[in-house]
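K.L.:
Taken in order, these protein sequences are the chains called A and B. At position 595 of the first sequence the residue is numbered 595 (my numbering), and the sequence of numbers has no breaks. At position 392 of the second sequence the residue is numbered 996 (my numbering), and the sequence of numbers has no breaks.
Think of the hints as simulated: they come from the structure by calculation, not from any bench. Just so you know, even glycine gets a beta-carbon here, dropped at the ideal spot from N, CA and C. Don't take every hint at face value.
Derived pair list, reagent style DSS-like, types lysine-lysine, alpha-carbon separation capped at 27 Å [what the hints assert, rightly or not]: (1) K673(B) - K207(A); (2) K285(A) - K268(A); (3) K673(B) - K199(A).
To be clear about the criterion: a stretch of chain A counts as covered by chain B if any three or more of its residues have a C-beta under 8 Å from a C-beta of chain B, and this derived list gives those stretches [unchecked claim]: (4) 126-135; (5) 183-195.
Label-pair ranges, simulated between beta-carbon atoms [what the hints assert, rightly or not]: (6) Y732(B) - M198(A): 23 to 31 Å; (7) E179(A) - M605(B): 20 to 28 Å; (8) G866(B) - M198(A): 27 to 35 Å; (9) Q924(B) - L365(A): 42 to 50 Å; (10) K728(B) - D253(A): 22 to 30 Å; (11) G866(B) - E264(A): 35 to 43 Å.
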Amino acid sequence: MGDWMTVTDRGLSSESKTISQYTSEIKMSPSSLYSQQVLCSSIPLSKNVHSFFSAFCTEDNIEQSISYLDQELTTFGFPSLYEESKGKETKRELNIVAVLNCMNELLVLQRKNLLAQENVETQNLKLGSDMDHLQSCYSKLKEQLETSRREMIGLQERDRQLQCKNRNLHQLLKNEKDEVQKLQNIIASRATQYNHDMKRKEREYNKLKERLHQLVMNKKDKKIAMDILNYVGRADGKRGSWRTGKTEARNEDEMYKILLNDYEYRQKQILMENAELKKVLQQMKKEMISLLSPQKKKPRERVDDSTGTVISDVEEDAGELSRESMWDLSCETVREQLTNSIRKQWRILKSHVEKLDNQVSKVHLEGFNDEDVISRQDHEQETEKLELEIQQCKEMIKTQQQLLQQQLATACDDDTTSLLRDCYLLEEKERLKEEWSLFKEQKKNFERERRSFTEAAIRLGLERKAFEEERASWLKQQFLNMTTFDHQNSENVKLFSAFSGSSDRDNLIVHSRQPQKKPHNVSNGSPVCMSKLTKSLPASPSTSDFCQTRSCVSEHSSINVLNMTPEEIKPNQVGGECTNQKWSVASRPGSQEGVCNVQIIQLC
Amino acid sequence: MNFSEVFKLSSLLCKFSPDGKYLASCVQYRLVVRDVNTLQILQLYTCLDQIQHIEWSADSLFILCAMYKRGLVQVWSLEQPEWHCKIDEGSAGLVASCWSPDGRHILNTTEFHLRITVWSLCTKSVSYIKYPKACLQGITFTRDGRYMALAERRDCKDYVSIFVCSDWQLLRHFDTDTQDLTGIEWAPNGCVLAVWDSCLEYKILLYSLDGRLLSAYSAYEWSLGIKCVAWSPSSQFLAVGSYDGKVRILNHVTWKMITEFGHPATINNPKIVVYKEAEKSPQLGLGCLSFPPPGAGAGPLPSSESKYNIPNAVWVWDIQKLRLFAVLEQLSPVRTFQWDPQQPRLAICTGGSRLYLWSPAGCMSVQVPGEGDFAVLSLCWHLSGDSMALLSKDHVCLCFLETEASVSTACRQLGGHT
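Throw the hints in and build the complete structure from the sequences for me.
P.N.:
What follows is the structure in structure tokens.
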């Protein structure tokens, strides 16, 4: 409901009234705006009213306006404004009373209308508020409906759950019933079995009864006997023996023997199996230890514990190894030790493998390069590089081979090919030639040497012969001298002293006694030999020659002069005769020979 | 593979001699002994009544023919055809008869299992053993023939007696903790005796030769229990088949189960070869078990499926690896299967006219030739593994297998599926 504002300003009374009406309209609730609008349209605008008022009646058209008003009023049922006319054509006089009455009537009417309007407005407002109320009720009811619907759904859900439970319980019940049925079946089957047995027993019982009856009735009893043509010998050929206490004991013994044998056999089998298994376990343990021990070299934190244990195990092992023979015994402690150590090793191995797995996965995920762990990418890169290298190398080899082939199999003209061939071989040819020449030279040298050796050998032989002759003559002389002792004594002494003294003098004397001796060809063989004799004894020319040649011979005859033994000397370049003779010379008794012997031996 | 001509046979009584030289077969009341290689009739004996059971003595010198209806046992000698021996149980009746391992004593079980009479062929002595148990496998001899174990029942309790076969002296007598003993069996090494209870209770007991209880094993309670038991040739394993469709293997050291083999309807492992003759899936349960001979080398163990009715599939297990090796599914129920005595080769017959051979190399089936249908009901191998006898209702036929190499090539050629 709006609030009415009364404005007393007469000048703008109608305007202000209307304004106040309008303002009051604005303050009204929006629901009653419609009603107000209706009202607005019924009330014309103030301005228009004003203009209308002024426009209707002016100074000029008073009569017309009066007549018009009169007409209107009479049509509305009001009395006429004119006085009662005396005649038709005389101008009617305005009845002021009538006019005032009409005005009053109109005012009353207006007031009535206003009241009615007010009433209508209030009614409108009431209706509006009623509608509001109804709307709120409607919304409330809607909410209620919503909640009740939700409740219903909830209840349905519960109902469903309960139905489910119900079904489950039914199922359980069914299961229980099935089990009961099964048990009943079991009982039934047992019952049938019992019945079956009972029937069987009854049948037998009946048969027994019948048989008994038969027997009782039957007078002639069939004899129970065995009719045999002749008794057969025992299977093992032995005679039957009486049953005595001894046989009983024997039987018992045999039985126990059999049992014991069986147990022993089984125990053996089990022991063998045990031993094998133990061996396998030991092996496994060793292998596990060897697997884990390389870690000792890598200084890593994580592995420290395991290395520690590994080391301790290795020590333990060392101790155990000494007790190898104890493994055969199945004593508790050894067994436990073995199993415990195996378990320990296995645990270590397992943890190690797990660590490795973790490492691998870590590397895979994070991609960082550990010292010892190469990330897969790097590994792949490396392999790629290597592959490339291999490819390149292969290509190179191929090209080289091709070039080689080309070179070898080029279809040039014959000359060039021959030249080419020649030039390849030229170097070799030259080398060969050189070698040939060398070889020939050497051959010549060898020939020369051989000749010299043979000569030397011949000379040696001759010398020896001469020497022999000399010796023989000397001996003869000696002998002869011995008879003429006084004369020769001094000579002898001289001789002896000569021989036992310095070798030089000996040699000289020897020389003197051999006038017929052939002049020595001091063939020194190859110049090589001379150099070798620097180490030799202070020997006389003859013996020195002798020795020289000898040494040369020995030099040339074999590689190791010092290792020569009489048997080993091969008479290759020198006549065998000579060597023998040499040695025979050496073996002859006598101081002379002794000296020579010494010399020879020393040289050799 | 060669097949001989068919000969007449009755009651599936056809056995090879232990030394492999002869084949004995029965036709009504006649016993025919043939040479294995030539199949010529060497001896022909006539018994007094229809023969129900024949058995060779261990040294292949004698054959016993048992006629249960008349209560007679007749023994024939191969060396001396004129020799005869007749054992008449008379009023005592006869239900079972068998040789002792030395081949000189015959053990007759009288009617109603009243007693066991031990007749000696060497002397005039007769021994009686009272209260034997009436069960499937009440008598068992050790492989070396020294001892005999006998199940007894006195005053509603089970006992086991161990006798020394040489002089029939009682060595040990002990009671067993079983409700109703069904079977006993010596281990091949002769030192352990397996004793198992009836199918109403799963219990298997292991006794040492001197009567001590070594171990007892029970897989479960209440449901039907053990159906069959088999020792491995090395005595290392004991296979126990039960009604729950599983085979349990016990080891000889601890006598505890080391593994169990199930027989599921579907197999998922691609390594297992399944030979199918038909589309039908195998049924549950468990039938017979057998281990192959030791020459085959700790190899496969087959077991067949059965409920209380007939089996359709043979399952072969590898004992070295303790897993399933192959499954052979047949169209009709498997009647018999037997291992080749020399090598891991299995012969199966299903009652049809085909013979099935399986080896690790492959599987093959052969139609038995002959006019009409030769329905193979049973088979038995010759000692050498080179031949086997196929038994039908009225006939017997010998099948000569080629040498190993050619058989395996034949197997490969024919492939798996028949």
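K.L.:
When the hints from earlier in the document are held up against this structure, which numbers fail?
P.N.:
4 and 7
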